[in-house]
Amino acid sequence: GENVEQHPSTLSVQEGDSAVIKCTYSDSASNYFPWYKQELGKRPQLIIDIRSNVGEKKDQRIAVTLNKTAKHFSLHITETQPEDSAVYFCAASRSRNSGYSTLTFGKGTMLLVSP
Amino acid sequence: NAGVTQTPKFQVLKTGQSMTLQCAQDMNHNSMYWYRQDPGMGLRLIYYSASEGTTDKGEVPNGYNVSRLNKREFSLRLESAAPSQTSVYFCASSDTDRESYEQYFGPGTRLTVT
Numbered sequence: 002g003e004n005v006e007q008h009p010s011t012l013s014v015q016e017g018d019s020a021v022i023k024c025t026y027s028d029s030a031s032n033y034f035p036w037y038k039q040e041l042g043k044r045p046q047l048i049i050d051i052r053s054n055v056g057e058k059k060d061q062r063i064a065v066t067l068n069k070t071a072k073h074f075s076l077h078i079t080e081t082q083p084e085d086s087a088v089y090f091c092a093a094s095r096s097r098n099s100g101y102s103t104l105t106f107g108k109g110t111m112l113l114v115s116p
Numbered sequence: 013n014a015g016v017t018q019t020p021k022f023q024v025l026k027t028g029q030s031m032t033l034q035c036a037q038d039m040n041h042n043s044m045y046w047y048r049q050d051p052g053m054g055l056r057l058i059y060y061s062a063s064e065g066t067t068d069k070g071e072v073p074n075g076y077n078v079s080r081l082n083k084r085e086f087s088l089r090l091e092s093a094a095p096s097q098t099s100v101y102f103c104a105s106s107d108t109d110r111e112s113y114e115q116y117f118g119p120g121t122r123l124t125v126t
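Protein chains in written order, with my numbering: chain A, 2 to 116; chain B, 13 to 126.
These are computed hints drawn from the structure, not numbers from a lab.
Cβ coordinates follow ideal geometry from the N, Cα and C atoms, glycine included.
Hints are not guaranteed to be accurate.
[Stated by the list, open to error] Straight-line distance between alpha carbons at most 27 Å, and here's what the computed DSSO-like set of lysine-lysine pairs gives:
hint, chain 1, residue 1, chain 2, residue 2
1, A, K38, B, K21
2, B, K21, A, K58
3, B, K69, B, K26
[Claimed, not checked] Examples of chain A residues toward chain B, derived with CB under 8 Å:
hint, residue
4, Y33
5, P35
6, R44
7, P45
8, L47
9, D50
10, N54
11, G56
12, K58
13, F90
14, T103
[Stated by the list, open to error] Computed far set for chain A versus chain B, every beta-carbon distance over 12 Å:
hint, residue
15, S13
16, V21
17, V114
My request is simple: use the sequences and hints to build the entire structure.
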């Protein structure tokens, strides 16, 4: 089955700095890579996702990059703000036309943005 | 739309007791999932239902059973609770029929087994 490794487990930055979280996956057939944000005591919510037919996707201050050859993908947050403080999870799965699989999550990164 | 709802929000059980966690979604999604979340372990899949009438084991199914009651509802049962099942349980749903793999999560159930 799929195995997703996520690093670092904790990340502390100053407000305004950039933050990068990295994930690797093992199943070369995986083609869907979402990122979820979970605030303390809340449910995980999707913030951005990427499919394997693109190498990069941006949405305002967040971006995700994918390197299929190396089997890794990364979340980039620019101009961090205190409200970005949360736990971030990466995940990987295969779509139906690749032999559907459920999401496998990384263990999470706790991001702390200090004012 | 309420999205994904779960009951109860909190529960304390004694070892050996049984209980059922309820989950419902009003988004007409075909697929539903049960996860447990433990500190430092991320979200681990217990069981899932790819479509109404089917259920499959996930990564950590031991000690649990599920029922896909209809398209809206997917319940998780602990027959004989153990302290190792102390966790936060999340239900989720997605519309895989339309190739949309975003999973929408419920608010979670915090379960303590003493």
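Hint check:
1. With a C-alpha separation of about 20 Å, the suggested pair K38 (chain A) and K21 (chain B) falls inside the 27 Å cut-off, and the hint holds.
2. About 36 Å separates the Cα atoms of K21 (chain B) and K58 (chain A), which puts this hinted pair outside 27 Å; it is violated.
3. A threshold of 27 Å between alpha carbons decides the hint, and for K69 (chain B) with K26 (chain B) the separation of about 25 Å falls inside it, so the pair holds.
4. Checking Y33 (chain A) against chain B: minimum C-beta separation of about 5 Å stays under 8 Å; hint holds.
5. Residue-level restraint check for P35 (chain A) holds (minimum Cβ-Cβ distance to chain B is 7 Å; threshold 8 Å).
6. A cut of 8 Å between beta carbons decides the hint on R44 (chain A): the least distance to chain B is about 4 Å, and the hint holds.
7. A cut of 8 Å between beta carbons decides the hint on P45 (chain A): the least distance to chain B is about 5 Å, and the hint holds.
8. Using the Cβ-Cβ criterion of 8 Å, the hint placing L47 (chain A) at the interface with chain B is satisfied: the shortest such distance is roughly 5 Å.
9. The criterion of a C-beta within 8 Å of any C-beta in chain B is met by D50 (chain A), whose closest approach is roughly 7 Å, and the hint holds.
10. The interface hint given for N54 (chain A) is broken, as the beta carbon of that residue sits about 13 Å from the closest beta carbon of chain B, more than 8 Å.
11. Taken as an interface hint, G56 (chain A) does not check out: its beta carbon lies about 19 Å from the nearest beta carbon of chain B, beyond 8 Å.
12. About 14 Å separates the beta-carbon of K58 (chain A) from the nearest beta-carbon of chain B, more than 8 Å, and the hint is not met.
13. Look at F90 (chain A): its Cβ gets to within about 6 Å of chain B, closer than 8 Å, so that hint holds up.
14. Against a cut-off of 8 Å between C-beta atoms, the interface hint on T103 (chain A) holds, since the closest Cβ of chain B lies about 6 Å away.
15. The non-interface label for S13 (chain A) is consistent with chain B: the shortest C-beta to C-beta separation is roughly 17 Å, beyond 12 Å.
16. With a least CB separation of 19 Å from chain B, V21 (chain A) remains clear of the 12 Å interface cut-off, as annotated.
17. Annotated as non-interface, V114 (chain A) keeps its C-beta farther than 12 Å from every C-beta of chain B; the closest such distance is 21 Å.
The structure does not agree with the numbered hints 2, 10, 11, 12 stated previously, though it agrees with the rest.
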